[in-house]
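Engineer: Make a model of the complete structure from these sequences and hints.
There are 2 protein chains.
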Amino acid sequence: MSEREVVITEVALRDGSHAISHSFTTEQVTNVVKSLDDANVPYIEVSHGDGLGGSSIQYGFSKTNEMELIEAAVNAAERSAIAVLLLPGIGTVEDLKEAEKIGAKMVRVATHVTEADVSKQHIQLAKELGMETVGFLMMSHMVPAEKLLEQALLMESYGADTVYVVDSAGALLPHEVRERISLLKENLSVKVGFHAHNNLSLAMANTLAAIEEGATRIDGSVRCLGAGAGNTQTEVLVSVLDRLNIQTGIDIYKMMDLAEDIVAPILQEPQEITKGSLVLGYAGVYSSFLLHAYRAAEKYRLDPRDILIELGKRKVVGGQEDMIIDVASELAGYKIS
Amino acid sequence: MSEREVVITEVALRDGSHAISHSFTTEQVTNVVKSLDDANVPYIEVSHGDGLGGSSIQYGFSKTNEMELIEAAVNAAERSAIAVLLLPGIGTVEDLKEAEKIGAKMVRVATHVTEADVSKQHIQLAKELGMETVGFLMMSHMVPAEKLLEQALLMESYGADTVYVVDSAGALLPHEVRERISLLKENLSVKVGFHAHNNLSLAMANTLAAIEEGATRIDGSVRCLGAGAGNTQTEVLVSVLDRLNIQTGIDIYKMMDLAEDIVAPILQEPQEITKGSLVLGYAGVYSSFLLHAYRAAEKYRLDPRDILIELGKRKVVGGQEDMIIDVASELAGYKIS
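Heads up: the sequence lines are chains A and B, in that order.
Each residue of the first sequence is one higher than the one before, starting from 1 at the first, in the UniProt record's numbering.
Each residue of the second sequence is one higher than the one before, starting from 1 at the first, in the UniProt record's numbering.
Simulated from the structure, these hints should not be mistaken for laboratory data.
Keep in mind that the hints are not guaranteed to be accurate.
Identical copies carry no separate label here, and so any pair may be met within one copy or between two of them.
Result set (DMTMM-like, lysine to aspartate or glutamate): computed pairs, CA atoms no more than 20 Å apart in a straight line [as the list claims (entries may be wrong)]:
#1 K101 x E213
#2 K275 x D38
#3 K254 x E186
#4 K313 x D242
#5 K254 x D303
#6 K275 x E260
#7 K275 x D251
#8 K254 x E298
Structural biologist: Structural data, given as structure tokens:
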């Protein structure tokens with residue numbers, strides 16, 4: 001195996017859970033992990049789309065208990081390490097202990113980009129458990145690079161081995177990725193990672209920009225199986241990096257084959273950039289806002305996009321869904337006056 | 001209308017013809033053109049996928065005569081100019097005269113990147129007819145930038161108003177696009193354009209690179225409706241350019257709406273990056289080679305990708321399909337020895 005210059009984490013079995021309504025089966029996970037392992041993918045993330053403990057009325061119930069899926073993944077992998085995602089407040093320390101016990105080797109502790117401080121307990125526990133630990137700063141487009149660095153330094157101080165810039169809404173432009181990654185590279189001693197979404201058809205452009213600026217941990221999803229318009233398409237990414245002579249250690253032909261033969265049949269519908277995902281990326285807002293904005297738009301006779309764009313400008317975050325009505329009524333008022 | 005800094009040509013009704021087996025109807029063309037016109041798209045290309053006269057056993061028969069489609073487009077457009085594509089050898093001067101007579105305002109005369117000299121007659125005729133004229137250098141990844149410039153200068157000398165770098169196989173990497181566009185910008189007095197394909201998920205990255213280097217004419221296809229993995233997705237492109245404060249003069253909301261409501265229902269299947277299109281982009285070969293390579297691979301018990309990659313390295317061009325068997329037998333021989 002060649003040395004890996006870029007280390008890829010495959011997220012289709014976690015982020016892709018959103019795209020198929022959390023319906024992964026043990027058999028699907030086993031088959032996908034076996035083929036990814038055979039292609040020499042170093043890390044494979046398996047969890048509910050919203051991380052450990054995500055199965056709920058609010059985030060959608062998993063068809064199969066995620067611990068069963070994680071266990072199946074661990075059993076199917078000979079070389080690949082199985083990773084889990086944990087959002088403090090959704091997943092608990094007990095969930096993390098259980099995942100570690102059944103064989104998860106890496107955890108990514110994810111918080112909103114301004115709330116790194118809530119990751120302290122979980123990052124520290126993960127290190128105590130001997131797990132490789134990643135700090136995962138979601139919605140990284142919502143704050144200036146300096147604020148992102150401040151939060152990344154917190155995660156580093158808690159013991160994270162890597163800090164990720166996570167473009168949850170697929171809203172970052174390439175120059176914004178460069179600015180963020182380069183600032184983190186200059187100021188962190190730990191590794192820097194990048195997780196893209198393709199809402200603006202920029203997942204590959206942003207990923208290459210991140211790698212050029214020094215990110216060495218990169219997320220991909222086979223066949224774009226991820227939330228919204230999906231992530232950076234893994235089999236395409238490894239092909240492009242090969243053309244650029246950047247070593248991933250992954251077998252390109254095997255990745256192409258498993259994408260077509262093992263993963264594509266799992267998709268309920270192919271991953272395209274639809275109007276919904278485009279609007280979310282353009283406005284830079286949470287996907288959970290979409291339905292609320294459409295409802296508010298109907299009530300106030302507005303274009304839902306105007307509401308979403310205004311929410312993006314005001315940097316409204318998850319949990320502030322009541323702001324959607326406020327913004328809508330305000331926009332409607334402006335129109336009348 | 002704001003001044004257009006980037007002038008977009010919508011190619012879904014021409015390049016997209018490949019994706020739906022040349023089955024466009026007059027009604028579809030009328031509806032798409034009306035909506036694009038309403039969104040203020042400046043140029044709309046309408047032709048068989050292989051240009052005027054492409055309807056044939058070799059390239060696939062059009063369901064509806066393309067002159068009827070062009071006429072429908074001209075009648076549906078109030079502000080947009082209707083463009084046609086012409087590949088000398090497939091389309092004739094008579095085809096061009098007929099298209100101009102029924103109202104086409106722009107022609108793009110397309111040749112293989114090393115064969116600009118065959119465009120002379122058609123470019124000159126188009127200028128005599130008073131048409132806006134574009135030289136369209138296909139498979140631009142196959143030659144070094146200096147050779148591309150030489151060919152572009154020929155097209156300029158024949159009277160082309162714009163010369164396009166055309167990444168027919170979706171094989172160019174962003175730095176290769178930069179090198180080509182910047183060299184053309186430095187040495188041509190006419191406008192420079194860029195046409196991407198998304199086989200390596202780089203259509204948007206390459207398009208932005210081209211614009212940064214000074215390309216002002218850009219092709220897009222709504223909902224990625226184009227050959228292979230499609231082109232730069234127009235409604236996404238105008239949204240990204242808006243975020244970058246680059247004026248296209250196009251109404252973003254209307255583009256998003258027509259993509260979802262008018263164009264998406266036309267697609268026979270959504271445009272994804274499949275194994276086939278990925279391999280073509282990775283190898284940098286003609287799409288027509290794919291089936292031949294699979295047949296040769298079966299005969300010689302090879303992986304078809306090895307054949308395609310070798311064909312790409314040897315820069316085999318369309319019309320040299322007999323080389324596919326030569327390469328396959330040679331590769332098989334290497335394996336035995």
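Engineer: Would you mind marking each hint as holding or not holding in the structure?
Structural biologist: Okay, the hints, checked on the actual structure:
1. K101 x E213: Neither: 36 Å inside a chain and 53 Å across chains, both beyond 20 Å.
2. K275 x D38: between (36 Å within a copy, 18 Å between copies)
3. K254 x E186: Close neither inside one copy (36 Å) nor across copies (42 Å); limit 20 Å.
4. K313 x D242: between (39 Å within a copy, 15 Å between copies)
5. K254 x D303: Between. Shortest inter-copy distance 12 Å satisfies the 20 Å Cα cut-off; intra-copy 45 Å does not.
6. K275 x E260: between (25 Å within a copy, 6 Å between copies)
7. K275 x D251: between (34 Å within a copy, 14 Å between copies)
8. K254 x E298: Intra 48 Å, inter 18 Å, cutoff 20 Å: inter-copy only.
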